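K.L.:
So you can see what is in the structure, the chains are spelled out below.
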Amino acid sequence: MNLFRRQFLRLTSVVGALGVTGLSALELVLQAPSALAAVWNKPGFESKGVEEVMKSLGATNAQPSAEIHINAPDIAENGAVVPIEVTSRINNTQSIALIAEKNPFPLAAQVELLNGAEPYFYVRIKMGQTSRIQVLVKADGKFYTAHKEIKITIGGCG
Amino acid sequence: MAEPMKIRATLKNNMAEIRVLVAHPMETGQRKDATGAIVPTHFIHSMTVHLNETLVYDGQWSQAISRNPVFALRIKGAKIGDKVVVHWMDNKNDKRNDEITIQA
Numbered sequence: 004m005n006l007f008r009r010q011f012l013r014l015t016s017v018v019g020a021l022g023v024t025g026l027s028a029l030e031l032v033l034q035a036p037s038a039l040a041a042v043w044n045k046p047g048f049e050s051k052g053v054e055e056v057m058k059s060l061g062a063t064n065a066q067p068s069a070e071i072h073i074n075a076p077d078i079a080e081n082g083a084v085v086p087i088e089v090t091s092r093i094n095n096t097q098s099i100a101l102i103a104e105k106n107p108f109p110l111a112a113q114v115e116l117l118n119g120a121e122p123y124f125y126v127r128i129k130m131g132q133t134s135r136i137q138v139l140v141k142a143d144g145k146f147y148t149a150h151k152e153i154k155i156t157i158g159g160c161g
Numbered sequence: 016m017a018e019p020m021k022i023r024a025t026l027k028n029n030m031a032e033i034r035v036l037v038a039h040p041m042e043t044g045q046r047k048d049a050t051g052a053i054v055p056t057h058f059i060h061s062m063t064v065h066l067n068e069t070l071v072y073d074g075q076w077s078q079a080i081s082r083n084p085v086f087a088l089r090i091k092g093a094k095i096g097d098k099v100v101v102h103w104m105d106n107k108n109d110k111r112n113d114e115i116t117i118q119a
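If you read the protein sequences in the order shown, they are chains B and Z. Going letter by letter, the first sequence gives residues 4 to 161 in the numbering used here. Going letter by letter, the second sequence gives residues 16 to 119 in the numbering used here.
Since the hints were derived computationally from the structure, they do not count as laboratory data. One should not assume that every hint holds.
Partner residues aside, some chain Z positions facing chain B, computed with beta carbon under 8 Å [as the list claims (entries may be wrong)]:
| hint | residue |
| --- | --- |
| 1 | Gly74 |
| 2 | Lys91 |
| 3 | Ile95 |
In silico SDA-like pairs for lysine to any residue, Cα to Cα no more than 20 Å straight-line [claimed, not checked]:
| hint | chain 1 | residue 1 | chain 2 | residue 2 |
| --- | --- | --- | --- | --- |
| 4 | Z | Lys107 | B | Pro67 |
| 5 | B | Lys151 | B | Pro86 |
| 6 | B | Lys58 | B | Ala41 |
| 7 | B | Lys105 | Z | Gln45 |
| 8 | B | Lys45 | Z | Ser61 |
| 9 | Z | Lys27 | B | Gly119 |
| 10 | B | Lys58 | B | Lys105 |
| 11 | Z | Lys91 | B | Lys51 |
| 12 | B | Lys45 | Z | Gln45 |
| 13 | Z | Lys91 | B | His72 |
| 14 | Z | Lys94 | B | Glu121 |
| 15 | B | Lys51 | Z | Gln45 |
The structure presented is a predicted model; accordingly, all values stated were derived computationally and were not measured. Cβ atoms here follow ideal geometry from the backbone N, Cα and C, with glycine treated the same way.
In isolation and in its complexed conformation, chain B is listed as follows (with noise of 0.2 Å):
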C-alpha cells in the first residue's frame, strides 16, 4: 500500500486508541513526562571521583561564586539524612549539580529549574562520611561553584 494511506491509516488509529482511551493527547504526555525530562547523565553518575563527574558535566572550569548559598547542617547526626537547601542569585541559572565529594558516587543530584521555577531546591542525601559538598550552577552555559563541609557522625551509604 502506499506510504500516504498506511500513515493515514496509523494516524487515524492513533485517534482512535486516543478516543477509546478517553484520554486527551496532553494528558497523553503527561502519563509519560520522563519521555520529555533529560537523559540521565550515566557517565556523571558513575564517576566514582569529583574531577569525572566535573568533566561529564563540562564544569571542569566552575568559578567559585558568592551568589550561592548552601543552607546545611555543619555536623549531621544521621549520615543517612542530610538536608541540603541551596538558593542561587545568579541570573539565569538554569540547573543546580550537588556533589557529596567523599561518597562512593559524588554526584548525588542534577537539577533542572525552568519555566518560572526559582534558582532553588531543597533535597535530603546520604553522605557516607564527613567531606565537603560541592554545588554547581550553571547560568547562561557558564559553570559556578560553592562548597560547605558537612561533618558526619553516623555514615549514610551502606
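Here the structure of chain B is known, so what remains is to put chain Z in place on it, guided by the hints.
P.N.:
Positioned in the frame of chain B, the structure of chain Z alone reads:
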C-alpha cells in the same frame, strides 16, 4: 504501583513552595540484608514536576538521595487552581504520578 507521594503547595505572594514526600527505598546497592547478601540498587533516577503542562523541575537523581526522599522547589507566578504534577521513574522501570491543585 508504588505508594502515593504527599505533595504540599503553599502560595505566598505569587510564589508557590512545593514540598514532596516520596515513598521509595532508594537502595544504594551497598547495604547488606540479614543474610549478608548485598541488596541491589533500587532508586529513583528521574523526578519531574510540571506546573499545569509546563515542565519546571527536571531532576536526575542518584542512589545518594535519602530513603523516602523529601524534596522541595519554588515556582514563581503560580496561582490558585494551578495543577502541580509530580512524576518519578526508577531504575526498575517502576513509576509514579501524583498531582494536587494549588488551593492557597
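K.L.:
Evaluate each hint against the coordinates.
P.N.:
These are the hints, each one checked on the structure:
1. Nearest Cβ of chain B to the Cβ of Z:Gly74: about 4 Å, under the 8 Å cut. The hint holds.
2. Taking 8 Å as the C-beta contact cut-off toward chain B, the hint placing Z:Lys91 at the interface holds, the least distance being around 5 Å.
3. Look at Z:Ile95: its Cβ only gets to about 16 Å from chain B, farther than 8 Å, so that hint breaks.
4. Taking the CA atoms of Z:Lys107 and B:Pro67, the gap is near 37 Å; set against the 20 Å cutoff, the hint is violated.
5. Using a Cα cut-off of 20 Å, the hinted pair B:Lys151 and B:Pro86 holds, with the two alpha carbons roughly 13 Å apart.
6. For the suggested pair B:Lys58 and B:Ala41, the alpha carbons sit about 18 Å apart, so the restraint of at most 20 Å is met.
7. With a CA separation close to 15 Å, the supplied pair B:Lys105 and Z:Gln45 stays within the 20 Å bound.
8. Proposed proximity of B:Lys45 and Z:Ser61 is supported: the alpha carbons are some 12 Å apart, at most 20 Å.
9. With a CA separation close to 15 Å, the supplied pair Z:Lys27 and B:Gly119 stays within the 20 Å bound.
10. Straight-line distance between C-alpha atoms of B:Lys58 and B:Lys105 comes to about 17 Å, which keeps the hinted pair within the 20 Å bound.
11. Taken as a hint, the Z:Lys91 and B:Lys51 pair is broken in the structure, with Cα atoms around 36 Å apart against an allowance of 20 Å.
12. At roughly 18 Å between alpha-carbon atoms, B:Lys45 and Z:Gln45 fall within 20 Å of each other, so this suggested pair holds.
13. Taking the CA atoms of Z:Lys91 and B:His72, the gap is about 19 Å. The hint holds against a cut of 20 Å.
14. A C-alpha spacing of about 15 Å is found between Z:Lys94 and B:Glu121, which places the hinted pair at or below 20 Å, so the restraint holds.
15. Under the criterion of a C-alpha separation no larger than 20 Å, the hint pairing B:Lys51 with Z:Gln45 is consistent with the structure, at around 14 Å.
When each numbered hint is compared with the structure, violations occur for hints 3, 4, 11.
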